[in-house]
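Engineer: These are the residues of each chain, in order.
Number of protein chains: 2
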Amino acid sequence: MIRRNIKAGEGKEGFPGARGFYDPEVWAKVTGRARYGIDLALPGMLQGKILRSPHPHALIRNVDLSRARSLPGVRAVLSGTGLGAKPYGIVFDDENPLALDRVRYIGDEVAAVAAVDEQTALEALQMISVEYEPLSAVFDPEEALLKGAVTLHDDFPGNIAWENRINRGEAEAAFKDADLVVEDTYALPSFHPGYIEPISCIAESEKFDGLTLHTALQSPHIVREILAGVLGLSISRVRVISPVMGGGFGGRVYGNLKLYLLAAFLSRAAGAPVKMQLTREEEFTVGRPMVAAMIKMKMALKEDGTFLARQADIITDNGAYSAQAPWVSKTLSERNDSLYHIPSISTRVRLVYTNKVPTGQYRAYGNQLANFACESLIDRAAGKLGMDPLRLRLKNCIGPGDTSVHGLQIKSCALSRCLQDAADAIGWTERKKGRGYGISAAIHAGGSIVFNPDFRGASARARLELDGRVTIVTGEQDYGQGAHGAFALIAARALSRVPGEINIVSRDTILTPFSIGALGMRQTTIGGRAVQLAAEDLLARIRDCAAELAGEEVVPEGGAFRTSSGRLIEPVGIAAFYCAKTSGLALTGEGRYVPEKSDYDQSGYGNIAVTYSFAAHACEVEIDRETGALTVHRFVAVHDSGRIVNLLTARGQVYGGVAQGLGMACSEGYIFEEGRVANPTFSGYRIPTALDLPSIETLFIQTDDPEGPYGAKGLGEIVQVPTPAAVANAVANALGEPVNELPLTAEKISRLLHGWECAD
Amino acid sequence: MIRRNIKAGEGKEGFPGARGFYDPEVWAKVTGRARYGIDLALPGMLQGKILRSPHPHALIRNVDLSRARSLPGVRAVLSGTGLGAKPYGIVFDDENPLALDRVRYIGDEVAAVAAVDEQTALEALQMISVEYEPLSAVFDPEEALLKGAVTLHDDFPGNIAWENRINRGEAEAAFKDADLVVEDTYALPSFHPGYIEPISCIAESEKFDGLTLHTALQSPHIVREILAGVLGLSISRVRVISPVMGGGFGGRVYGNLKLYLLAAFLSRAAGAPVKMQLTREEEFTVGRPMVAAMIKMKMALKEDGTFLARQADIITDNGAYSAQAPWVSKTLSERNDSLYHIPSISTRVRLVYTNKVPTGQYRAYGNQLANFACESLIDRAAGKLGMDPLRLRLKNCIGPGDTSVHGLQIKSCALSRCLQDAADAIGWTERKKGRGYGISAAIHAGGSIVFNPDFRGASARARLELDGRVTIVTGEQDYGQGAHGAFALIAARALSRVPGEINIVSRDTILTPFSIGALGMRQTTIGGRAVQLAAEDLLARIRDCAAELAGEEVVPEGGAFRTSSGRLIEPVGIAAFYCAKTSGLALTGEGRYVPEKSDYDQSGYGNIAVTYSFAAHACEVEIDRETGALTVHRFVAVHDSGRIVNLLTARGQVYGGVAQGLGMACSEGYIFEEGRVANPTFSGYRIPTALDLPSIETLFIQTDDPEGPYGAKGLGEIVQVPTPAAVANAVANALGEPVNELPLTAEKISRLLHGWECAD
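Residue numbers (the working numbering), protein chains in the order written: chain C, 1 to 760; chain L, 1 to 760.
Quick caveat, the hints were computed from the structure, so don't treat them as lab data. There's no promise every hint is true.
Unchecked claim - Straight-line C-alpha distance at most 27 Å; calculated BS3-like pairs for lysine-lysine: (1) L/Lys581 with C/Lys581; (2) C/Lys411 with L/Lys581; (3) L/Lys207 with C/Lys581; (4) C/Lys207 with L/Lys29; (5) L/Lys207 with C/Lys29; (6) C/Lys298 with C/Lys330.
Claimed, not checked - Covered stretches of chain L, as calculated for chain C (at least 3 residues, CB under 8 Å): (7) 41 to 48; (8) 229 to 243; (9) 461 to 473; (10) 513 to 521; (11) 533 to 546; (12) 710 to 721.
Virtual Cβ for every residue (Gly too), placed ideally from N, Cα, C.
So here's chain C without its partners, still in its complex pose (with noise of 0.2 Å):
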């Protein structure tokens, strides 16, 4: 397969170097040798453990923590009001780290303990007596909206956590002239990131002013802020060190603040370490998963299939706090409109606060949940026209040098490419009879411009070692997606370097500059370029200074210099007489990546990022017309994500975005009953494994994109993104019947099938 798996271009395998380069990242995993936060362990350290409210909503009328306090062993227990913390929040401040008077939702962090070993933490916490006052409680957003409906926070009259409206064009009137109106209301539940090492950390607070906390994490310098803000410390006395990661995908974004910030205040009041991790239940319980969107839309189309307009109206459930929902609703409303030209929208979207796991976010914030319902609505149309949805899709797709609907400034683009290889490759001209094919596309934004006006780039020093290596200084994270091994082949290739001579210090933010993190695939594209220009720079100063060592000038060949008399200095040398001319210093080169400012304006229109990268996926499926079972016998997932820089890695992430959107399309999401998780262990919360897996055939379309490292884009979360549409889709081919309900069980299908409803 990897014969056909890159087209248009250089380096079938990336970067030169890439073939059978050898990532220590990847290596440390595949070999066991990689040390994960779970694993980690500091002398003299503590068990934290958190008491949860037992009540999706109540008042807590007493704490009585003193029989706690006196069991031997124990050494720190704190509730909310002891703590006098003040509220925080990513985008509200709706939380505390303790409840305070209220606990909104069954698991509720009401009291913590600290002790000597896990058994007497769990025995600490039934010794808590908690006094509480049930209050009326609301679960489903739409009944959250209703007047006289019980109210979570008082600083959010009617549950609504954030509103956005958006119109562009003349959607009323395009609707009016259509040839064709086509609607539908989509659900789709909660989805968990499902990472298979559950968050944990190890925060240990200095006597005075000071805090260091091991935990894996996505963002460091974030969380090291909102941390630092909380505990009221100085920002560069709080260190925050980030093991290796069994797995992120946005959930490790923030990961979970009030575990890092409950450990900082026990270590506090303990003066020791403390460790404290999530289990497998409470990451379901507890954890950040993302909203569950019920979205109402409409299509307006001309009878030759032209897009005129697009309505939609769209609640997404909070669950009881905040973190990034509002950023994810917003994503989620948007960014399928500048995947074709579509002149007029209106849309609606509200976030509605219930009694329910607060949620937070997963790869692709939310794209991928309204692609669902634009992509089966634009099926749903081609059958209207009878039209074949591939060509429907062909004939309004957006393309290089476009400027969306929301303003998004498209430079790179293959997405016809994309769509037309997709149908190739899954033989969409000829469908076998009896199997189901859908496809559908997306576009995702890599390396936002808005996320903070002020910083909108990314930077990296490169150093020249005693031995003659690089070592690349950098605030981006690897997180499994590769992008240690990715900046290694990018300086590598700056400094006509083999990868295997180029370190990667990152993890740790005392010894790394300022940055955003791993999130809207920033790494490749944003951190990747700073990579790039910091190489670039110390390239310069070596062949400076190996021009001073020599006497002469100097030209690069290879990583070394020849002077024009003929000698090769070589790196080690240069590195040497540096050392020595300057007591000590390594020669260090910046790189400085700072994008244009955006013109986004209050409306939200403008452009958001650097890079847009574009997808399409199809697959062949089939129904067992008995039992309703779903088999994906084949899944093909074309990309545009500019040059690819590691085809290993990069083939990775679409096997892993795939497999994760074939679980939301076919297995996942969260049941709750009565506010409480139905299914929060791995045999009721179903993720797909190998077995339950298609063949995935990944074709890569490289464009030549101007703002990516030598015109490489992101590709890490639009992987996900077409998924569920391309099986729901899919489904609907097979079934003849519409599907608007994600996932896609077995219960699901016969119900379609046979119109029966099961028994409960």
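Fit chain L to the known structure of chain C by using the hints.
Structural biologist: Quick look at chain L alone, frame taken from chain C:
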């Protein structure tokens, strides 16, 4: 006492802000929060143990590891032949990580084991069978020099590891014309630094090229280079992390290289981290104490007390392997010659191999050993001349602007002032009957410029953090002497900040500039100067950035800047501005302190350091004429270490150094029986406890040195140098008998009093 503690000049407490300054290093220790190397543990860590030779000298006929390897829980078993390692050493390559065909002392490393726990490792050692063929051994260095003595190393015929002869002026003639010639022979045993934390390490070898070593070191960068060389690794793939140290005193400049190498080899073989630690007994029997010395010395004087010449024949006992002993022997044989005006010098020093514990280094590089001989002989001469020993010294003192007999260029010097003040403080003129009084003086070099002629200085980086604090990044080490606190005070002074606003980053070779580390009183003088320059450089950059931010001229005001229009620009705002401007970089200043190259010549003549510190110690003792018991009633230490940076830690240095010097004078010292250490415990090797110590009065004469930061000079090593001689002179004064052996145990003093030998 503080009242009288600092003379001549500003800052009774030291630099601005020193009073009540909270030094995080110190606080971590006194509050019990410091994590020492020996506390560390890593997940999956194995325990390493070493099989040692029971013979002082033997051939290895065979080593059988098979039974040990078969023991469950054993992960790696190594012998010398299996390693294939090259010989290594600090001055000569005279050691192997494990003995190959021959062992040379009781304790020589023969095999090493890594197992899941200590017990299993020890069991495995029992299961290794080694066939030895004993050889005759030599324990006395004078015997080792005799014709026909057994030879330890084929490359070193006659067992002379290193030899040096120095002749300056006209010694022979001087002795002919002298009015008085005095001579004696002085004997000193081997002394161990006796740091409270035994040396330990955790080595973690990567699957391919790479090693991380956790061990408390004074010179992590130098050790990194040595390890990389022996292990065949790229320097930058070796990371040395140095935790807080439980004492070093020169013994941790290189620590125990053999232990580190074996841990690394075991970790490589076992594929897991390996922890190794010396027991206290191993510290004494295989650690690296200072050489024992036999010093035959002769002095020529004029009637009026003018020193004419000194002649010395010195034998130092190397033990089985060299480490730093050649450098120690060189310092020992020369340094004291520069304390006074002595026109003619004739010295021979021989470092001799014996089948005993290999030697290394201990605070002051042997200067204190020769000081005992030199300063005792001066008292002897004073007696013969009927002259006050104080007056005799004052008459010959070296002073500022002088160049010594070996070419040392003395810039700042308050030697005679130190002597006079020490005499005044001890009450020299009104000495009580029945008590003994002694005085002695010392010189010590601060900041060697010949240790590595190409690397004479130090460098540092200073970084403005997002919270406005300043971080100093340095390769120098705080190992209890207060270097980090001193750096904070120096940087704060340069930046007009309070020292609490300065963070220090050190202890890790991937974070820090290359440095020689904490030896030869480099830290404050050379390291501190680099910190000052880095802070000054950063201040200039901050100022430029402030002007750019303000759009107008600015002038420094406290730690901030005032614009011409009167606005105050705070560092925190400047940091944010620069971070946004560069997409994440921090404003950074560089400090490069590169002292002038030395004029040091083949004969060893020339200046060797940037600064020279001076001291005079005086004490009052009492002898129990019946038991020979020695009581030191009062002790005065007067030091010229230039400007004092932090009085509290400076006094701590003096207390500690004097305590160790008193140990050498009164109770410490190795006892050997047939090459076996007879007193390898703290009950047998008696370091003074708090109860053994007299009241120690410390005075500082503040000179302004042109090289040191703000006039500061080194203090850490000289504090111990004059102590043994001061006590010995006081004892001789009390007895009316010369003293020429240390330690002055009750037994030795009784012998001097009553002439009897105690029974064995």
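Engineer: Checked against the structure, which of the hints given earlier come out wrong?
Structural biologist: As far as the earlier hints go, 1, 3, 11 and 12 are violated by this structure, in ascending order.
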